[in-house]
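So the sequence lines, in the order shown, correspond to chains S and E. Position 67 of the first sequence, counting from 1, maps to 67 under the working numbering, and the rest follow consecutively. Take any residue in the second sequence, count from 1 to its spot, add 1000: that is its number in the working numbering.
Please note that a few of the clues may not be correct.
[What the hints assert, rightly or not] So the derived list for chain E, only partly shown, Cβ under 8 Å to chain S, looks like this: (1) L1046; (2) R1060; (3) T1062; (4) G1108; (5) A1112.
Simulated from the structure, these hints should not be mistaken for laboratory data. Backbone N, C-alpha and C fix where the C-beta goes; we use that ideal spot for every residue, glycine too.
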Amino acid sequence: DTEVTQTPKHLVMGMTNKKSLKCEQHMGHRAMYWYKQKAKKPPELMFVYSYEKLSINESVPSRFSPECPNSSLLNLHLHALQPEDSALYLCASSQVGLIWIQETQYFGPGTRLLVL
Amino acid sequence: QKEVEQNSGPLSVPEGAIASLNCTYSDRGSQSFFWYRQYSGKSPELIMFIYSNGDKEDGRFTAQLNKASQYVSLLIRDSQPSDSATYLCAVNIRNYGGATNKLIFGTGTLLAVQP
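Using the sequences plus the hints, can you model the full thing?
This is the structure we're talking about:
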């Protein structure tokens, strides 16, 4: 089973709202990722958590706040977003501790976010 | 800047033909390579990964890796209209000092299989 789930599937929010995206996996993976994908562009890495600790932050604005409450869950808290933040937000997970070249990321279905 | 390059296409092939998708990368130290398929409006779906020089086959898909020339390709045999999608090439970059690595994606090639 290589399933990563994400909720909600769609989200519309105003620039003053606070919302959260949720990601869950039960594959025993210890690395989880947030990506942002704009139309006709490749996924762009935002954050990486490894063993529930933030491992990579790709200089993402502070209006995006990640959280990893446990090894199966990953949240992305959103606050005061801009219309240009509208995109498909993808979560992924992978094993850690293998020979590193074998780490394979599996993506969830994504949350399509529209900021008005 | 580590880069992964793909022809954006569209690559148009007739049904039943072989589709050949190519990718080049700039970091000679790259060790593992992934092909993802992404249908319009959907998330990337892993097709194959490869980390040894040569060919790796999985059903109608064959990944080819040539580290000396720094290219990786994906062949799709007996192409079907359902194969029409964007194919993303990704390279695993070692995150020295960190516990995980990261994928660098190419811009993707749009494949259109004509019935």
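(request) State the violated hints by number, sorted upward, taking the hints as numbered earlier in the document. (result) Violated hints: 2, 3 and 5; rest satisfied.
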